[in-house]
Structure formats: structure tokens, C-alpha cells
Amino acid sequence: MSTAAISVAGLGKRYRVGERERYVALRDVLARSFTAPLRALRRRTAANGNGDAYIWALRDVSFDVREGETIGVIGRNGAGKSTLLKLLARITRPSEGRAQVCGRVGSLLEVGTGFHPELTGRENVFLSGAILGMKKKEIERKFDEIVAFSGVERFLDTPLKHYSSGMQLRLAFSVAAHLEPEVLLVDEVLAVGDMEFQKKCLGKMEEVTRGGRTVLFVSHNMGAVRRICGRGLWLDGGTLRLAGTANECVDAYSASVEQPDAARKGRIDLRTREDRGGSGHVLFTEMRLVADDGSERSCFEFNEPFTIVFDMEARQTVRSSFVGITVLSADGTSILGTHHCDSADVRDFRAGTTSRIRCRVEPNLLRPGRYALQIGILDYASWECHDWMYSAAEFDIEHGTGRFGRAPDARPAYVQPVFEWKWE
Amino acid sequence: MRPEMTTELKVAKTEELVATHPENGSGAGDRPGSLPAALARGPEITVIEPPSGWLHWDLAEIVASRELLYFLVWRDIKVRYKQTVIGAGWAVIQPLMTMLVFTLFFGRLAKIPSGGLPYPIFFFCALLPWTYFANALTGATGSMVENQRLITKVYFPRVLLPMSSVISGLVDFAIAFVLLVGMAIYYRTIPGLEVLLVPVFLLLAMATAFGAGLWLAALNALYRDVRYVVPFLVQFWMFASPVAYPSSLVPERWRWVYGLNPMAGVIEGFRWAITGQNPPNAALLGVSSLAVLAILLGGMFYFRRIESTIADVV
Numbered sequence: 001m002s003t004a005a006i007s008v009a010g011l012g013k014r015y016r017v018g019e020r021e022r023y024v025a026l027r028d029v030l031a032r033s034f035t036a037p038l039r040a041l042r043r044r045t046a047a048n049g050n051g052d053a054y055i056w057a058l059r060d061v062s063f064d065v066r067e068g069e070t071i072g073v074i075g076r077n078g079a080g081k082s083t084l085l086k087l088l089a090r091i092t093r094p095s096e097g098r099a100q101v102c103g104r105v106g107s108l109l110e111v112g113t114g115f116h117p118e119l120t121g122r123e124n125v126f127l128s129g130a131i132l133g134m135k136k137k138e139i140e141r142k143f144d145e146i147v148a149f150s151g152v153e154r155f156l157d158t159p160l161k162h163y164s165s166g167m168q169l170r171l172a173f174s175v176a177a178h179l180e181p182e183v184l185l186v187d188e189v190l191a192v193g194d195m196e197f198q199k200k201c202l203g204k205m206e207e208v209t210r211g212g213r214t215v216l217f218v219s220h221n222m223g224a225v226r227r228i229c230g231r232g233l234w235l236d237g238g239t240l241r242l243a244g245t246a247n248e249c250v251d252a253y254s255a256s257v258e259q260p261d262a263a264r265k266g267r268i269d270l271r272t273r274e275d276r277g278g279s280g281h282v283l284f285t286e287m288r289l290v291a292d293d294g295s296e297r298s299c300f301e302f303n304e305p306f307t308i309v310f311d312m313e314a315r316q317t318v319r320s321s322f323v324g325i326t327v328l329s330a331d332g333t334s335i336l337g338t339h340h341c342d343s344a345d346v347r348d349f350r351a352g353t354t355s356r357i358r359c360r361v362e363p364n365l366l367r368p369g370r371y372a373l374q375i376g377i378l379d380y381a382s383w384e385c386h387d388w389m390y391s392a393a394e395f396d397i398e399h400g401t402g403r404f405g406r407a408p409d410a411r412p413a414y415v416q417p418v419f420e421w422k423w424e
Numbered sequence: 425m426r427p428e429m430t431t432e433l434k435v436a437k438t439e440e441l442v443a444t445h446p447e448n449g450s451g452a453g454d455r456p457g458s459l460p461a462a463l464a465r466g467p468e469i470t471v472i473e474p475p476s477g478w479l480h481w482d483l484a485e486i487v488a489s490r491e492l493l494y495f496l497v498w499r500d501i502k503v504r505y506k507q508t509v510i511g512a513g514w515a516v517i518q519p520l521m522t523m524l525v526f527t528l529f530f531g532r533l534a535k536i537p538s539g540g541l542p543y544p545i546f547f548f549c550a551l552l553p554w555t556y557f558a559n560a561l562t563g564a565t566g567s568m569v570e571n572q573r574l575i576t577k578v579y580f581p582r583v584l585l586p587m588s589s590v591i592s593g594l595v596d597f598a599i600a601f602v603l604l605v606g607m608a609i610y611y612r613t614i615p616g617l618e619v620l621l622v623p624v625f626l627l628l629a630m631a632t633a634f635g636a637g638l639w640l641a642a643l644n645a646l647y648r649d650v651r652y653v654v655p656f657l658v659q660f661w662m663f664a665s666p667v668a669y670p671s672s673l674v675p676e677r678w679r680w681v682y683g684l685n686p687m688a689g690v691i692e693g694f695r696w697a698i699t700g701q702n703p704p705n706a707a708l709l710g711v712s713s714l715a716v717l718a719i720l721l722g723g724m725f726y727f728r729r730i731e732s733t734i735a736d737v738v
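Protein chains in written order, with the numbering used here: chain A, 1 to 424; chain B, 425 to 738.
Hints listed in this document are in silico derivations from the structure and should not be mistaken for laboratory results. There could be a bad hint or two in this list.
To be verified - Derived DSS-like pairs: lysine-lysine, alpha-carbon spacing no greater than 30 Å straight-line:
hint : chain 1 : residue 1 : chain 2 : residue 2
1    : A       : K204      : A       : K137
2    : A       : K204      : A       : K136
3    : A       : K200      : A       : K265
4    : A       : K137      : A       : K161
5    : B       : K502      : A       : K137
6    : B       : K506      : A       : K136
7    : A       : K136      : A       : K161
8    : A       : K161      : A       : K199
9    : A       : K161      : A       : K204
10   : A       : K136      : B       : K502
11   : A       : K161      : B       : K502
12   : A       : K136      : A       : K200
13   : B       : K535      : A       : K137
14   : B       : K506      : A       : K161
15   : A       : K265      : A       : K204
None of the values given here were measured: they were computed from a predicted structure.
Start from the sequences and build out the full structure, keeping to the hints where you can.
Here it is in C-alpha cells:
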């Protein structure tokens, strides 16, 4: 059973800077013949311009995946993970190299591919199923199972546009989860939805991988990669940095993650960030990590409290929504979560207004180490996401003295609150 | 014994070939409760390589994806008249109103000759294939951009998109055709055996819409300008086709040049097939058919060229 399900040799994908591969037509041909003498010159300054500058989204990547293996593909944004998946799914073609995939390929690059808002839930199951590569008979056979898993039985004959986003998501995932290809390509679809749903998805993923299918799983969730995947691929800047066991890859990647300065300072401009999801109705514009003495830092002592200040801007009016934070450890495990509505009132965001909220973080809480902040603005009722960033900022907790002078980093647990202890 | 064995071998080979076509493999082997069909058939191998210079159409793959084509057509039809009060009634009202306006201005006021036929039926015979063509062309042109999300998230033969626009337009055509039959009865226009040629001319209209649609769909994916050009194109094309006037207005010598517009042949032919009068000029029909072929082959070639990396640019 050790045949290669996927074998990739020297795979590369090139895009033209800025325009991507845009001008393939007459105009390009004309432009080229006129500018040929200038091109060598231009290449020197290509970094800034629309000249013949190319970037390799992926280059010289080779690896083999054996049948039945689950591979986690990790790396920072823009490392070429999604490009790799798109090439293997044949959504686009490589610029060089070769890959061979053995077996029926199913790709899951987003949840709800092919859904149409005007059609009913029932109709969408068939449409989406067919688009993802299922046969009609196959869908008919699994229809009841799909519906049961999604839990939207009662609304099957309602047009999809009347569904809440959570319901759409559940139905969409449920269709996708019942795909039965031999090779499954999955891209971070689990990053959406509430925790409950994410857990269900992860469970299903684990079930799928145990079924002997070959799975390529792109994720930012290092915990999930460790749990689900046997092997890993770490991509960096379009090239393969490491292929090994999932744990090796996650460790190496986590160790290497030196966030660019912007995210390591105490004041983080979120306006221009692109690594975000959600409807965009309300957006984070800035966040600050502020110590009690007023300084903005990204490094605090174990026994030092600090405040996280969020600035938001509403593009459209949204009903009562809340700001939520999840603190992630360096390997992507969620350590703790807090919602502003735990202690402050829920508000509507009116279009065109800005708002600011602050969250005070208790001292004596997190074991020294590096943490990332996952932040989001979600609708109070439906948990529909308005803005979301997996790793908006990072901060460090340093030793400090602790209450009893004990080094807290010697202890095994991430969270070390000071509870009340008393001798009797 | 020997010849039989060779046949068997050949069959086995063909199966292997079919199985090689990835995704949506042939549906025949997919029995309920069975393993995924591909496992039973042996593995399908998909080879992923840079687009090569040699352009061929993978017909087997398109045939294997016929179920998806069916669903795409079904979606187009289902969605078209959603949330309208009159629904499919629009397929009747639109051509009917156009006919009234043209009959009034072109038939009554401008007194355009109509080859001895009552102007309404003369016009309606042409309007029917024309409306179908115009809608199919517009639909096909937009098909790539409208399905951008699909194209960038999942693989399937891209050509199914313009194809489904061309096929789903047939429903409106069929509805309006009933109206045409009613009018033919009202005006006592009794067609002869030529009526059997209606499907042939319809097929020509489909081929023209598909061929031109392939060009425009691919161009539209690259340059959004196309979206603004197409309404004009359709309008000009209509006046360059014998919809509101007979092609006999064009001097005999130039009739074949006129035929370079494939819709000229389609419309003249269609009108003749329905009314049994004014058989089309043979040269015009011949040139039109060749023009259809040229547009179709060119469109297929160009579309194929763009198709492999369309997800990067659309």
C-alpha cells in the first residue's frame, strides 16, 4: 500500500507582479516587441514596477505522499500553501515541473462552493455536490445523511438566502464532508464558524483521515495539524523548507516565526492587514497593548497586568455584536478566550462611526512564552463574523517574580492564575 | 481464439483510457453501496503539467462531466425567473411587445417589404431565433466572470459554463415557439416539409452562439471591457441580420458577403422552414454555415488557450 498517491517534482508557479498573468493578448505581444531592448535594463528596477517582473508563488517543490497519509501543509501567509493546493486541484496550471495524483481528487478550498442564494437548501445540496465532483446517484444515496449531519432538516425547502450564515455553513460543510474522493485537498475551511462547529469539523476530518484516504490539509491551526496529520510540509517563500513528521514541521515552523516588527510592537495598525476574514461590515483599525504606566509594549512580566485597546470602524450598520479574543500559544493551541459581552454591554455599530473598547488582562495568568492574539467581531445572535484575524498581534510574557518568587515557566501548564489557598 | 483475445485486450485498454480522465469519472460504475467507483476500476492518474503548446479538446472529460452540465443548466433555468411575479411569462411578453413595436414602425409606417407574408409573422419567425441567440450569447459571455468563485475554487471543464448558458436559453425559445405556432395558425401559414429543418437551423444558431460565446467569455475574463461592448455588439448584429427586413433588400451580388454573418443564414433559413416561403439564397446559406464553423473552431481554440490558467486572471 505504499504507492505514491501524490508525487510532485520540481513544481513551480509564476505570476507577473501586480498584474499577475494578465496581458496574454495582442497588447502584450506588441508591448514585448517594442520593449525588448529595454527589458534587461528594466529588470534591475523591476521590484517597483509593472515591467517584466515575475514572482514565483511556488518554486522547485518536490515531495511524495503515500496512499492513506495525512499531510499538514504549514507556513506563513504567502508561503505558497494555497498555490500548491490549487495546482494539485487543477484549478490552475503550473509554470514548470510536474505532479501526478493517483485517484479521484476532491478539493475543498472554501465552504459552500457553488451555493446559490436563490435556490433551496435541498437544491443546493445537489448543485454543490455535483460541483464538488459527486455523481447524482451518489448525492441521492447520501442525501439523508448529509441533511442529518447539517441539522437544517426543517429548512430544506427554504431558499438559502433566508438561512443564517451559521446554517449555510453547516449545510455547506456537511455536503463537503460527504465527498468520497481518494485524495482530498483541504484549505483552512475550519477557520470559520463558532468553536462548536469547528470542533465538529475537526472531528469529521479525523474520521475522514482514519478512513484510509489521502489528505492534504493546509492550516494555520498548529494544534489541529499535530493532532490530525502524520506528516508535514513546511513551505516558506514558495519553497519547501522541511518535509518530515507533522510534529517536526510544527516545531520548526513555530520556532522560526519571528513576526515582522509591525506585529511585535505595542501599537499595531490593522487597517492594511489582509490576513483577515469576515463580512467586513465592521473592521478593526488598530490595536494597542498598554502597560499600566502607559507605555505601549509587546512584552509584559508575568505578574504585570496590561490592557488591550481595540479601535474599530463600522462600514455598515450591524446589530448587536461583540469583540472576542482568543489567546493562542506558539503552536496554535487556544489557551483562553474572552468576549467583551462577558462584562460590558453589547452594542450596535452604526455605519460610519468608530468605537474603542479596552480589555484588561489580569496579571499572574500566562506562563512565560510567546502568544498570539486571535481577534474577531461577531454578531451576538448568529455568530456571523464581521472581522477576524487569526494572528493579529503577538506578545511575550516574561518571568517576572511571581507572587512567591517561584519561576512560573518551570510549571507545565499555560494558565497559572493565583487562586485562593488557605491552611486549615 | 486469437482474434477474440485481441478484442478483449482492446476493451480493457479503452476502459483504462476512460478511467484516466479524472474527476467525475464515468457514472456507470457507481452503484449504491459500492466503493467509490474509481477504486473498483483501478486508480485514475491525473498528470499536472504546465500548459503545452498542443491544444486539444478533452471530449471524453466533457462527456464524463455531463451530469455537472445538467446541474448547471438546471441552475440557470431555476434561477432565471426567481422572485418575479410573471415568471416564465416574460419569455412570452418580451418577444410579443418587440413584435408589436416593430410591426407598427417597420411594417406599418416604414412599410418594409416582408416577402408576401403578414409582417407580424414575418418578423416573429426571425425574432425567435434572434432572441435566443442574443440571450445565449450574452449569457455565455458573462458565464466566466459570474462563476468566478467556482472557477477559482474547484476544477471542472470550464467550457461547461458557456455551454450551459447556450443550452438553458432553449427553454425560453421553446416557450416562445408555442406562441409562434399560435400565430402561424392565426395567420393560416401552413408550413411544408421544410418545417423539419427547424432543428437544423436551431442547431446552427446554437453553434453560432456557442462559438462567439467562447470568444467573448474568454475575452471577458481577461478584459472586463467586453461586458460593455456586448450590448452594442448584439444591437449592431441584429441590424446586420435579416430580422426586421428580408435579405432580398441586399443586392444579389453581395448576398454571399452578407452571408458571412452566420445569423443571416440561420434567420433566413428559419423563416423559410416555418412559413414555407422565400427559400434562402443557397450561396448565403453555404457561406453562413462556413462562417459558423470558423467562429466555432476559432472560439474553441482560443478558449482552450485561456482555459488552463483562467483561474489566475478572472
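Tested hints:
Between the alpha carbons of K204 of chain A and K137 of chain A the distance comes to roughly 23 Å, so the proposed pair stays at or under 30 Å and holds. Simply put, K204 of chain A and K136 of chain A have alpha-carbon atoms about 23 Å apart, close enough for the 30 Å limit, and the pair holds. At roughly 36 Å between alpha-carbon atoms, K200 of chain A and K265 of chain A are farther apart than 30 Å, so this suggested pair is violated. With a CA separation close to 26 Å, the supplied pair K137 of chain A and K161 of chain A stays within the 30 Å bound.
About 21 Å separates the Cα atoms of K502 of chain B and K137 of chain A, which keeps this hinted pair within 30 Å; it holds. Only pairs whose Cα atoms come within 30 Å are accepted, and K506 of chain B paired with K136 of chain A is accepted, the gap being roughly 24 Å. Proximity of K136 of chain A to K161 of chain A is assessed by CA-CA distance (about 24 Å); at most 30 Å being required, the pair is judged to hold. For the suggested pair K161 of chain A and K199 of chain A, the alpha carbons sit about 25 Å apart, so the restraint of at most 30 Å is met.
The straight-line distance between the Cα atoms of K161 of chain A and K204 of chain A is roughly 26 Å, inside the 30 Å bound, and the hint therefore holds. For the suggested pair K136 of chain A and K502 of chain B, the alpha carbons sit about 17 Å apart, so the restraint of at most 30 Å is met. For the given pair, K161 of chain A sits about 15 Å from K502 of chain B by alpha-carbon distance, which is consistent with the 30 Å threshold. Of the pairs offered as hints, the one joining K136 of chain A and K200 of chain A holds, with about 26 Å between alpha carbons and a cut-off of 30 Å not exceeded.
A C-alpha spacing of about 58 Å is found between K535 of chain B and K137 of chain A, which places the hinted pair above 30 Å, so the restraint is violated. Taking the CA atoms of K506 of chain B and K161 of chain A, the gap is near 12 Å; set against the 30 Å cutoff, the hint holds. Straight-line distance between C-alpha atoms of K265 of chain A and K204 of chain A comes to about 38 Å, which puts the hinted pair past the 30 Å bound.
Of the numbered hints listed earlier, those contradicted by the structure are 3, 13, 15.
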